[in-house]
Amino acid sequence: MAEPIEQIMQVNEQVAFDVKIAGEGEPVVYLHGAGGLSWDPFLEELSDHYKVYAPHLPGTAHSSGLEHIRDLWDLILCYYDLFDCLGLESVTVIGHSLGGMIAAELAANDQSRVDRLIAISPVGLFHEEEPIADMFAMLPDEMIQLMVADPSSSLAQKMREVPKLPEERIEATIQRMQNMQAAAKFLWPIPDKGLKYRIHRIKAPTLLIWGDQDRFIPLSYAAAFHERIAGSKLDLIEGAGHLVPMEQPAEVIAAIRRFTSTLRASSR
Amino acid sequence: MKFVAFHLMPYRELPADFEQNYPSVWVTPPKELYDPRKGHRMYHDYLDELEFAVDLGYDAVGVNEHHSNAYGLMPSPNLMGAILSRKVRNSEKTSLIVLGNSLASYNPPIRVAEEMAMLDVLSGGKFIAGFPVGTSMDQNYAYGINPAELRERYYEAHDLIIKTWKSDDILMYNGKYNQYRYINPWPRPAQRPHPPVWIPGGGSVETYDFSITNNYSFSYLSYFGHKYAKKVMGPFWERNDELGADRNPYKAGFCQIICVSETDERAQIDYEEHVRYFYNKCLHVDRRIAEAPGYRTAKSLRAGLVSQFDGSYKSANQMLKEGMTWQELIDQGFVVAGSPSTVRDIMTESLRDLRVGNVVCLLHIGSMPHWLVQKNMQLFAQEVKPHLSSLFSEWDHTPYWPKGYADEKEKVAQAATYP
Chain U
1352 MAEPIEQIMQ VNEQVAFDVK IAGEGEPVVY LHGAGGLSWD PFLEELSDHY KVYAPHLPGT
1412 AHSSGLEHIR DLWDLILCYY DLFDCLGLES VTVIGHSLGG MIAAELAAND QSRVDRLIAI
1472 SPVGLFHEEE PIADMFAMLP DEMIQLMVAD PSSSLAQKMR EVPKLPEERI EATIQRMQNM
1532 QAAAKFLWPI PDKGLKYRIH RIKAPTLLIW GDQDRFIPLS YAAAFHERIA GSKLDLIEGA
1592 GHLVPMEQPA EVIAAIRRFT STLRASSR
Chain D
33 MKFVAFHLMP YRELPADFEQ NYPSVWVTPP KELYDPRKGH RMYHDYLDEL EFAVDLGYDA
93 VGVNEHHSNA YGLMPSPNLM GAILSRKVRN SEKTSLIVLG NSLASYNPPI RVAEEMAMLD
153 VLSGGKFIAG FPVGTSMDQN YAYGINPAEL RERYYEAHDL IIKTWKSDDI LMYNGKYNQY
213 RYINPWPRPA QRPHPPVWIP GGGSVETYDF SITNNYSFSY LSYFGHKYAK KVMGPFWERN
273 DELGADRNPY KAGFCQIICV SETDERAQID YEEHVRYFYN KCLHVDRRIA EAPGYRTAKS
333 LRAGLVSQFD GSYKSANQML KEGMTWQELI DQGFVVAGSP STVRDIMTES LRDLRVGNVV
393 CLLHIGSMPH WLVQKNMQLF AQEVKPHLSS LFSEWDHTPY WPKGYADEKE KVAQAATYP
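Chains as they are written, first to last, in my numbering: chain U, 1352 to 1619; chain D, 33 to 451.
Same shape as in the complex, but just chain D (with noise of 0.2 Å):
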């Protein structure tokens, strides 16, 4: 079993009545409630946190990319990811990932060739690459790209970052969106031919497929919990099934809020109010600029709407529109919470039934400060993973996790004699 610590750094400051009184965490946050003071002092609790992730040992500390979003303040996840590759560098176990890079807001898509490729030498060959087509929000109202050309333009773009990671050449390019004579990035990656990539999604055969065939690892990345996690995950194992791909668990992850505390009590007591401030703030997003047409295909869309107009399900949304409790955002799995033990036995109960390995660990939630982040991610490095890393170990996870320099420090020994 594989966990990383992963972060959203989101603005931990909004005030009391956001939900009621501003439009919307996403796309049109009056900048005004951002204060830089207190935006310098989050950036640093919030490194310090992954770094701490770091010294207990998590197998990777992650982080990712939205736009015009006030929970999610890393418009370049790859500038977070430079910080943290001079501490992963050093370490044994953490693997760095950036999940990811909205590939079709890259213009040239080869600078996440080139940044991708600067952070996995700078972290020693740790470097997992996120290749996100990134939410309607983020990429056809942040960053006004066509919703029709969406799509097009983030397979061109993988296209031509893995064509150029694998190749020592220099390439050509003749695209429908990008044409380029003289592609020859330096840096290259420091692994051959290039970091594992993962692939964040919603539940489309379509990014199934893709993520499947090309051996790339898919992680849902949803907030609503384990529960949730099961209605794309069941599809997403049938369709490997379909493939006759095999069944290694290491190919799939989901993103899971995690709260552990000295018992179950103490639990709700530290974190309700954070998990609620992310539920009911963070989550505030303006139905409007929700999804632009044409982000879904036709077919999306009406699988989409039979099973919200024939009642046979009630979207996580709703549900938390309808007010849900403490214990039913455990019951239902949207938050994995309790003391050490309790939090145990769900995961192993939710890992198995989902057949995941690796897990996207949200550990700092809402407006959870430092200290409780940090007393979180603690008693889960030590009390809860220990007891689960053995889940999955027949698995060869390699194909989807860095080797590190390991075995290339040699090579570099080596090398260094020739002057």
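This is chain U alone, in the form it adopts within the complex (with noise of 0.2 Å):
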């Protein structure tokens, strides 16, 4: 079992980036989503295949400088910066959610810096006719609701756990809030920053990771994002709600290996 390593980036004047490191071998950088990045047991089993790097999105954790940082474009370019600090010239990034939507970017802006593009139900496309419920207008257990298949599971009561300390209570609150905020800087009040304007231009091998049993960003996104990134691959994973690494780990890591490996096989 691999335990991260934890490093502080300073990637250009005015942002830094905390990242985690842990593993060998093949580089996946690893973009977490709006809830904020744990080492989760999806990361652990991750990180026994690649060498995983998962940066905390500018404003959570230890990274800073989200107020220097105007729009997705800017956050784009610093992401963009901390490749040139870890030596990764071209590298496979995994996006959850909104870390999918942000490699989904990081993969259409410049095609040379993103080899392959796993995108684990990314938000990123807006349909008013089947829209994404409104993640900032939300209590806490509808949250729960929306986003896992099995809203009694274990991973969901884990989830409603509140700490008992006042101490520690403020602290969480204060990190969950931490993680909106800087999710909302690029989500609000609509998930759809543009990307569609730039789809197209994802040239990179693409893996699309789905739960199939999504109902904060319903199938008929999946389909959106197969149909617009030409050549791209849909794996659907069964008893999956929209936290598809976190209630299905081991199936989304197989999927995850068979995907680079066929590549390496074939294509490279």
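A portion of the hints provided could be inaccurate.
[Unchecked claim] For lysine-lysine, the following DSSO-like pairs were computed, each having C-alpha atoms within a straight-line distance of at most 30 Å: (1) D:K346 to U:K1515; (2) U:K1515 to D:K353; (3) D:K119 to D:K407; (4) D:K353 to D:K195; (5) D:K208 to U:K1544; (6) D:K353 to D:K63; (7) D:K331 to D:K346; (8) D:K263 to D:K346; (9) D:K331 to U:K1515; (10) U:K1547 to D:K208; (11) U:K1544 to D:K331; (12) D:K125 to D:K435; (13) D:K407 to U:K1515; (14) D:K70 to D:K331; (15) D:K125 to D:K407; (16) D:K331 to U:K1509.
[Stated by the list, open to error] Computed beta-carbon distance windows for the label pairs: (17) D:N53 to U:E1493: 17 to 27 Å; (18) U:S1504 to D:K353: 29 to 39 Å; (19) D:N206 to U:E1522: 34 to 44 Å; (20) U:I1525 to D:G207: 22 to 32 Å; (21) U:P1491 to D:D278: 38 to 48 Å; (22) U:Q1361 to D:L65: 50 to 60 Å; (23) U:P1514 to D:K435: 51 to 61 Å; (24) D:N312 to U:S1389: 33 to 43 Å; (25) D:K125 to U:D1492: 53 to 63 Å; (26) D:M351 to U:I1525: 20 to 30 Å; (27) D:E354 to U:R1552: 53 to 63 Å; (28) D:R319 to U:E1519: 15 to 25 Å; (29) U:R1579 to D:R224: 53 to 63 Å.
Since the hints were made in silico from the structure, they are not lab data.
Glycine residues also receive a C-beta, built at the ideal position from the N, C-alpha and C atoms.
Starting from the two chains in their separate frames, assemble the complex, guided by the hints.
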């Protein structure tokens, strides 16, 4: 089992990333969703197979400089700066939800920096006829109901836990709010920041992973991403909602390994 | 002492089961509940009430801005200000205050400089400009402004408006959110360099500093009255002293629900129903849309959470939820109600205690009918206000209040002699 090391990397004058690094082998970058990054069983197992770089979104954990990032375009450039610091010229990028949108933008904007794109239930497209619910106007339990396939699962129960000590509760609340605040900067008020104008530029081999019971970003969005990214592959994971990597980590890792090994064997 | 007759212009006829069966008074109240025919009547009653306040000699009449809000039917307070300016211009005593325009949502923000200059000219230099950040419900949820940008947009708009007002040149502005080559709004304001500015705000040090260092008047606009306001005005004055500013009471104001009747008993009979309508229905806000992530800074958030979790503080909403009797509403200061002498006594004590020179008086509350508002306004103006007016008279109110055209009248007359 790999324990991640944590590194603060000043990537430009304004922005520093807090990056968790673990594992050996082929490098992959993992970009977390709006709920923030925690070193969970999924990342632990991922680092058994790859060298995982997992940066915290600016404004969360010890990543700083969010106030200097004006918009999504600035944010994308910061991630390229981070790749430079990590010595990653072209790398496999795995992104979940908000991280999936960022990963897709990274692949669309500079085609040379992302050699494989793995987007797990990404946001980024928006259809008024089947809108994605407003994650910034939800009570905590409503959020859980919408995010996981089985709201009575142990994962869901764990998400409901509230720390006993007042100080811990305050810290947990602040941390949650900071995660949401940083996410809102790039998703408010509708999680569509123009990917639809750029998505056709994604040329990297792409794997889309979706929980077959995702109630937050319905399957019609999986179809839309699949259709708009030429040659993309779509894997539906059974028994998973929106939090696929947390709900079915083994299945997701198997899908990622199949994808990366096939590509290695055939096209690379 | 200065008293503003202030109006929220609420919808008076929300259904009896509103708070049980409808989601929220703000952001998501179903539009079907709004009957434009009734709305027509309400608008004109409310404007009549504010015009009546001018007749009664209130120091100002005031309106404010809300969006998608059934208790605040003024998405554009400047429209109401324009109507009121016709009456205010002829008044010796009454100014006009828009409290105010939520700067971040005006695009371009020069619009505020323009419209407020119009109001200042229309009213004869009797206009007070309010610059609120705006609530999260209004700004983030109803108007879609990114919470991460709200305060920056607010400060940039403020900077732009003040620069525009202070200068007679054609300006350029290259900001983060605003870029203009030709800033040259006509008209310019009647008051030079610009109308007094009031900042309605909550209890953040950032807002105190902004207000005090710019020589603006800070108003704490809560619906929970004078005791609650102490939690904010106490720290405000502490901060004021830290900054070494003068202690002029007119740099501070607060909002108070006031209900005056012939006797204390009669006040309960007259007003309780309408006060309950206000607290139960008008403050029925869905907590899903009460605060967007990023609306408050992490620092303010932490301060709020600490007092919430350590039990040192019970929020006004909690108290209301647990149920408050009429007497408790009075004892807790949410409402100042009773006979003229009761109201006088409570007001005198609380104004001294808070050290505020301006009271934003809510004299129309919730579902109050027109006749009762008139009664309330008249009793307060005639039986209460005269007894309080001399309070803080040793201080100069003019940095925070318009002087009107009194000294300009002459200039206008002189100018008229030159064809």
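Going down the list of hints, with the structure as the test:
1. Restraint check: the Cα-Cα separation between K346 (chain D) and K1515 (chain U) comes to about 20 Å, which is no more than 30 Å; the hinted pair holds.
2. Between K1515 (chain U) and K353 (chain D) the CA atoms are separated by roughly 25 Å; this keeps the pair inside 30 Å, and the hint holds.
3. Of the supplied pair hints, the one linking K119 (chain D) and K407 (chain D) holds, its CA atoms being roughly 20 Å apart against a limit of 30 Å.
4. In summary, the hint linking K353 (chain D) to K195 (chain D) is not supported, as the alpha carbons are separated by about 45 Å, beyond the 30 Å threshold.
5. Note on K208 (chain D) and K1544 (chain U): the hinted pairing holds, with a Cα-Cα distance of about 19 Å set against a maximum of 30 Å.
6. A C-alpha spacing of about 26 Å is found between K353 (chain D) and K63 (chain D), which places the hinted pair at or below 30 Å, so the restraint holds.
7. In summary, the hint linking K331 (chain D) to K346 (chain D) is supported, as the alpha carbons are separated by about 20 Å, within the 30 Å threshold.
8. With a C-alpha separation of about 12 Å, the suggested pairing of K263 (chain D) with K346 (chain D) holds against the 30 Å cut-off.
9. A distance of roughly 22 Å separates the Cα atoms of K331 (chain D) and K1515 (chain U); the hinted pair therefore holds under the 30 Å criterion.
10. Distance hint between K1547 (chain U) and K208 (chain D) is fulfilled; the C-alpha atoms sit about 26 Å from each other, no more than 30 Å.
11. Distance check on the hinted pair: K1544 (chain U) and K331 (chain D) sit about 29 Å apart at the alpha-carbon level, within 30 Å; holds.
12. Between K125 (chain D) and K435 (chain D) the CA atoms are separated by roughly 10 Å; this keeps the pair inside 30 Å, and the hint holds.
13. At most 30 Å may separate the alpha-carbon atoms for a hinted pair to count; K407 (chain D) and K1515 (chain U) exceed this at roughly 53 Å.
14. Of the pairs offered as hints, the one joining K70 (chain D) and K331 (chain D) is violated, with about 44 Å between alpha carbons and a cut-off of 30 Å exceeded.
15. For the suggested pair K125 (chain D) and K407 (chain D), the alpha carbons sit about 20 Å apart, so the restraint of at most 30 Å is met.
16. At roughly 28 Å between alpha-carbon atoms, K331 (chain D) and K1509 (chain U) fall within 30 Å of each other, so this suggested pair holds.
17. Between N53 (chain D) and E1493 (chain U), the C-beta spacing of about 19 Å keeps the proposed range 17 to 27 Å intact.
18. About 33 Å separates the C-beta atoms of S1504 (chain U) and K353 (chain D), a value consistent with the hinted range of 29 to 39 Å.
19. Take N206 (chain D) and E1522 (chain U): their Cβ atoms lie about 40 Å apart, and the range 34 to 44 Å holds.
20. Checked against the hint of 22 to 32 Å, the pair I1525 (chain U) and G207 (chain D) passes, with Cβ atoms roughly 31 Å apart.
21. With their beta carbons about 47 Å apart, P1491 (chain U) and D278 (chain D) fall inside the hinted range of 38 to 48 Å.
22. For the pair Q1361 (chain U) and L65 (chain D), the beta carbons lie near 54 Å from each other, so the given range of 50 to 60 Å is met.
23. In this structure the supplied range 51 to 61 Å holds for P1514 (chain U) paired with K435 (chain D), their Cβ-Cβ distance being about 57 Å.
24. At about 42 Å, the beta-carbon gap between N312 (chain D) and S1389 (chain U) stays in the expected band of 33 to 43 Å.
25. For K125 (chain D) paired with D1492 (chain U), a C-beta distance near 55 Å keeps the hint of 53 to 63 Å intact.
26. The beta-carbon spacing between M351 (chain D) and I1525 (chain U), approximately 25 Å, falls within the hinted interval of 20 to 30 Å.
27. A beta carbon spacing of about 58 Å between E354 (chain D) and R1552 (chain U) agrees with the range 53 to 63 Å that was offered as a hint.
28. Checked against the hint of 15 to 25 Å, the C-beta distance between R319 (chain D) and E1519 (chain U) comes to roughly 23 Å, which is consistent with it.
29. A hinted range of 53 to 63 Å for the beta carbons of R1579 (chain U) and R224 (chain D) is consistent with their spacing of about 58 Å.
In this structure, the earlier hints numbered 4, 13, 14 are contradicted, and the remaining ones agree with it.
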